[in-house]
Each structure stands twice: as structure tokens, then as C-alpha cells.
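Visitor: Fit chains B, C and D to the known structure of chain A by using the hints.
Residue numbers (the working numbering), protein chains in the order written: chain A, 1 to 152; chain B, 1 to 152; chain C, 1 to 152; chain D, 1 to 152.
Hints listed in this document are in silico derivations from the structure and should not be mistaken for laboratory results. Please note that a few of the clues may not be correct.
Interface residues of chain B toward chain C, partial, derived using beta-carbon atoms under 7 Å [claimed, not checked]: (1) Asn110; (2) Ile117; (3) Thr129; (4) Glu132.
Taking CB as the label site, the calculated pair distances span [what the hints assert, rightly or not]: (5) C:Ile19 x D:Pro9: 48 to 56 Å; (6) B:Glu107 x A:Phe145: 39 to 47 Å; (7) D:Thr36 x C:Gly127: 36 to 44 Å; (8) A:Arg94 x D:Glu107: 16 to 24 Å; (9) D:Gly99 x C:Ile19: 18 to 26 Å; (10) C:Val49 x A:Pro9: 47 to 55 Å; (11) C:Thr143 x D:Asp35: 35 to 43 Å; (12) D:Asp35 x A:Thr23: 43 to 51 Å; (13) D:Gln98 x B:Ala10: 35 to 43 Å; (14) C:Val49 x A:Asp57: 18 to 26 Å; (15) B:Ile19 x D:Gln98: 57 to 65 Å.
These numbers were taken from a predicted model, which means no experiment stands behind them. The beta carbon of each residue, even a glycine, is placed where N, CA and C say it ideally should be.
There are 4 protein chains.
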Amino acid sequence: MSNVVVSDPAQLAQACADIMWSTDRASQNLGIVIDTVGPGTAQMSMTIVDSMVNGHDIAHGGFIFMLADSAFAFACNTHNNYAVAQFCSVSFLRPSKQGDRLTAVAEERNRGTRSGIYDVRVTNQEGKTVAEFRGHSRVIPGTFFPVPEKSG
Amino acid sequence: MSNVVVSDPAQLAQACADIMWSTDRASQNLGIVIDTVGPGTAQMSMTIVDSMVNGHDIAHGGFIFMLADSAFAFACNTHNNYAVAQFCSVSFLRPSKQGDRLTAVAEERNRGTRSGIYDVRVTNQEGKTVAEFRGHSRVIPGTFFPVPEKSG
Amino acid sequence: MSNVVVSDPAQLAQACADIMWSTDRASQNLGIVIDTVGPGTAQMSMTIVDSMVNGHDIAHGGFIFMLADSAFAFACNTHNNYAVAQFCSVSFLRPSKQGDRLTAVAEERNRGTRSGIYDVRVTNQEGKTVAEFRGHSRVIPGTFFPVPEKSG
Amino acid sequence: MSNVVVSDPAQLAQACADIMWSTDRASQNLGIVIDTVGPGTAQMSMTIVDSMVNGHDIAHGGFIFMLADSAFAFACNTHNNYAVAQFCSVSFLRPSKQGDRLTAVAEERNRGTRSGIYDVRVTNQEGKTVAEFRGHSRVIPGTFFPVPEKSG
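With the rest of the complex left out, here is chain A:
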């Protein structure tokens, strides 16, 4: 960890994600997997299992939100600064059934000093869009790695 080159955005993104993942029991317990992560972006996958569905074998929308929210959380925490979700919205476009493999791709739409906007598309194994999510993040105090002092 101590060798992370904070000035390399791709390496920094991966290192931040590694730290977050190691303590994210919630995502782990849901069977979520990180496919890829990069500066301002993250892709995560999850299979809809028995405990996520209602009597019609349709996934509870909350689990789709959860997958999208996790991708958003990882994407907005790739710049070394701690960031949290402030406001999220989700449009459910197509139902998911038990056994479906869902993939969420989070991309940075906008990033300011204190806040950011991330768009997450959730698709199923057929590539069809299941949900569109937009998350607003806010930076809070703290960094994953020491910020190098700026030389004069």
C-alpha cells in the first residue's frame, strides 16, 4: 500500500477500491463482484438469487438499487478523497428474474471540488437495460492515501 503512486490515476483508483472492498461486508454478502475499476468508473456484477425475489420471482427493486449504488460508491471513491452518497435516483425499466446476472457500469458525469454526479446503467445477461441510476456524491474529510505535499 505504501508504494501506491497517488499521481497515477489508474493505480490510485484500483488501490482505493481494494481498501473499500476489504471492509464492505454489505456488497460482499450480496455476492457482488468488482469487474473493473478506473478513475471515476467502476463495473460490478451480481446474480439475482432466491433471497432477492418476491413471490413472482421478480427481483425486489432494492437489490438492483444496491448493485447500482455500490458501483456508484466505488466510482466516486477512486480519486483518493472519501466521498459519500448524498442523493440518488433510479428508474426501473425492466423486471429481473431469479438467476439473472446483472452488471452495473458507473461513469462519472461531472466532478467538482466538493461534489460529483455519476450515471450507472444496469443491464442483464442479454444486454438489456434493467435500470438507470444517477448518484450525487459529496466529498467528506479524509483520504485513502496520504496526499503528497506540493513542492514550492
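Guide: Showing chains B, C and D alone in chain A's frame:
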């Protein structure tokens, strides 16, 4: 079931909720409890447990969404017609810790023939607001109980 | 102005609104009228005129947003602190025609130290709901009236 | 008009926009200009004038919404089917001053049979993002041009 008086809104709301609950493995697995339900309204509670938190013992926002979304789902399904979530938004106002007991109260803001808007406030055991959620529902074909034919 | 009793919420709300209104050319030019204002609340009205409609004599949704947004702006600025809109959402439920008289009622849903949530319902002259709006405000530096020093 | 080749998406988009524009007094009165239009996309511009600002020469957020909403409306009406706004959200990221020239670019995020999602970024003359808007459209009965019968 066959004795449900569909014309009594309170009895109908409870009966619809009973049916939904019996098959809602997702909410059951999260330890969610229905406190009360009525026409266009529902109150549900949940405790933040170990599997819902990240390394800082702060609840993953997705579980707060899940509780609010469940209360919304039950509230919008109290009028006999099947209804599903179409669009949801959530503002996270205060973090929740492991052990917190959260309560979500869903109230009907607007109901048309085909769609509805429900506001859900999530508070913790101190009565402080943790999140504000707004859900848009859409009616789909199907009813919980047979609709009595209208007499001429 | 100098006699405003800042400790009287109702008088303070009215005084803040008077100041805002005197410089709000945008709302004035749209023919918006303030019906009432109070702590965390505001009611405003507007008639849909020729310049607000498209070829089908249906009001451009932007003007309905504008009315709701104005009511929100006045409501969130009734506590002496300057506040601005950060995030807004609107659901269009029913079209408005030329000649319709719309009324927007803004109510405070949540207020923290730095931010607030306000719900605005827009109805027409028949009392039917035209739109539901939710606005998130953020406090910025500055007050309408000097804040009295707290005595020890 | 009668010569519009409905099967050419680019030509159809322009033709739909021409019809919409001819009757859109609201956008015309605000000084909005259509820069370009294409299948599922539209770019429109507007200058912040005196009547759009408050006493601090800051543009009323409603006019920024209006510009974004217009770009959204044109973009979602480029496929021949009439479409209307159902739900919109906007994040205000940076204030605009009198004299600023704002540009809104609407792009199709998702399109189903009955509904669509469009993202609109509003930037100022320096290319800085002023607002991010997301609009949900819904198809209503009617088309701009006769739909050719499908041959067997």
C-alpha cells in the same frame, strides 16, 4: 381471504399487505417488520445489522433504500390493484450505525388512475430523519381480490 | 426593515420575502403573485398566458417548474439565511391550458443546518394537481437581517 | 412536408423539430435557438437577459431548467411519435449571470417503446457545466408524419 370486504379500504389494505408479505422473501430476509398498514400508507421497521455495514460501521445506503422502498411498495399496493415502482429518489441526510433501529413511514402524496407518488421518511430510534424517499408507482394488470361487478 | 424582530418567525419570514420579491424580476415578469408566506412555507399563483404555451395551447412544463421553483425559493429563504436551489425534481401529472390559474404551495419537509427539502404541489383552478415538485436547498453565506449576538 | 422520408432518421428528426418549433411560442419568446437536431438529440442555446435574473444578477434556476427542458422536448420528439415530459430532475452546479450564453445538449440515454430517458448538460460560454438535467419522456398518441404501412 374470500371474506375480504373490498369496499372497506382499511380491511382491504391489510388483506393486500398480508398477501404481499407472505411471498416477500426479500423483506423477510432483511428482518423488516410491518408495523402498520392502511389505505395508501405503511410503516415498516428494520435494525441495521452487521451484514449491512461497511468497515466504518456505517450502513450501506442501499439497505436504507430497501426499507423505504418496501414501505413504498406496501403502501402503493393497498388499493387492490397491483402496482410496481417506476422511479424512486432518495436523499441521505444522516448516517446510520450498526444497531440502529430504523422506521420508514410511507404516505400517499398523489394517486391517479394509473400512477401514484408516495413519500417515505426514514427515522432512527431517536426520531432523527435518516433519509427522505419519494417513489412513483405504476399500476399493472391484476388485482389481489376479485373486483365486484358494478350493479346497474 | 430595521425594526424587524428576527426572533418572530412569522414576521421574519414575511420580511425576508419582501426583500427577495423586490429584486426578483424573473418572478415578477411571469406575473407570479405571492399569496402567503410563513416560516418554511410559501404559496404563489400564476396564470398560464399566451407566451407560455405551445401550438396545442398546452403550457410548456418549464413555466410550471418556474412557479414551483419560485415558491420553493421563497419558502427556503424564510429563516433569514440565504439559501439556493441545489437539486430539484418535478413530476408532471396533468396538462395545463392557456387561461389556467395555477397555485403552488411549498412546504418544508426537512431542514438541517446546511440543507433543506421542500415539497411543492401545483394545482389548477379546479383544485386538481398539475405537478408535484421537490426541491433541495443549500444554505450559502449571508443573511437578510443582522443576526443578534447571543448573550452569555 | 409531404416529401419527408420517414425512414431517414436524420431527415425525420429535422422535420419533426421544424413542426414543433413553428408552434413553440414559449421557447421562441425566451430567445432560445435550435443549434442542431438529430435522432434522439438536440442542441439549443439561450442568453441570460435582464428579465431572467434576480437582484444579484444571478439567473433564476427556472430559466436554466427551461432551456434544458426544451432541448429534452425536441430530442424526444425526433422519432415521429409525439412524446411529453413525465418526470424531470435538475442539479444546479454553478450560477449563471446576466449576459451568459448557455448551451444545452440533450442526448438519448434510453429509449423503449413507450418511454425514454434523456440527459441534458447545460454549459456556459466558457464551457463550464452550469446544470445537469435528466428527463423521462412518455409517448402519447399521434405522429408528426403518417406512418407508412408495413408491407407484407
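Visitor: Each hint should be assessed against the structure and marked as holding or not.
Guide: Each hint tested on the structure:
Of the supplied interface hints, the one on B:Asn110 holds, with its beta-carbon coming within about 6 Å of a beta-carbon of chain C, less than 7 Å. This hint holds: B:Ile117 has a C-beta 5 Å from the nearest C-beta of chain C, less than the 7 Å allowed. Interface hint status for B:Thr129: upheld, as the beta-carbon distance to the closest one in chain C is roughly 6 Å, under 7 Å. Given hint, B:Glu132 at the interface with chain C, holds; its Cβ is 5 Å from that chain's nearest Cβ, closer than 7 Å.
Checked against the given bound of 48 to 56 Å, the beta carbons of C:Ile19 and D:Pro9, roughly 52 Å apart, stay inside it. The hinted window of 39 to 47 Å between B:Glu107 and A:Phe145 holds, with their beta carbons roughly 45 Å apart. A hinted range of 36 to 44 Å holds for the C-beta pair D:Thr36 and C:Gly127, which are about 42 Å apart. Checking the proposed 16 to 24 Å range against A:Arg94 and D:Glu107 shows it holds: the Cβ atoms sit about 21 Å from each other.
A hinted range of 18 to 26 Å holds for the C-beta pair D:Gly99 and C:Ile19, which are about 24 Å apart. At about 52 Å, the CB distance of C:Val49 to A:Pro9 agrees with the hint of 47 to 55 Å. For C:Thr143 and D:Asp35, the hinted distance range of 35 to 43 Å is satisfied, since their beta carbons lie about 41 Å from each other. A beta carbon spacing of about 48 Å between D:Asp35 and A:Thr23 agrees with the range 43 to 51 Å that was offered as a hint.
In this structure the hint that D:Gln98 and B:Ala10 lie 35 to 43 Å apart at CB is violated, the actual value being about 56 Å. At roughly 52 Å, the beta carbons of C:Val49 and A:Asp57 sit outside the given window of 18 to 26 Å. In this structure the supplied range 57 to 65 Å holds for B:Ile19 paired with D:Gln98, their Cβ-Cβ distance being about 59 Å.
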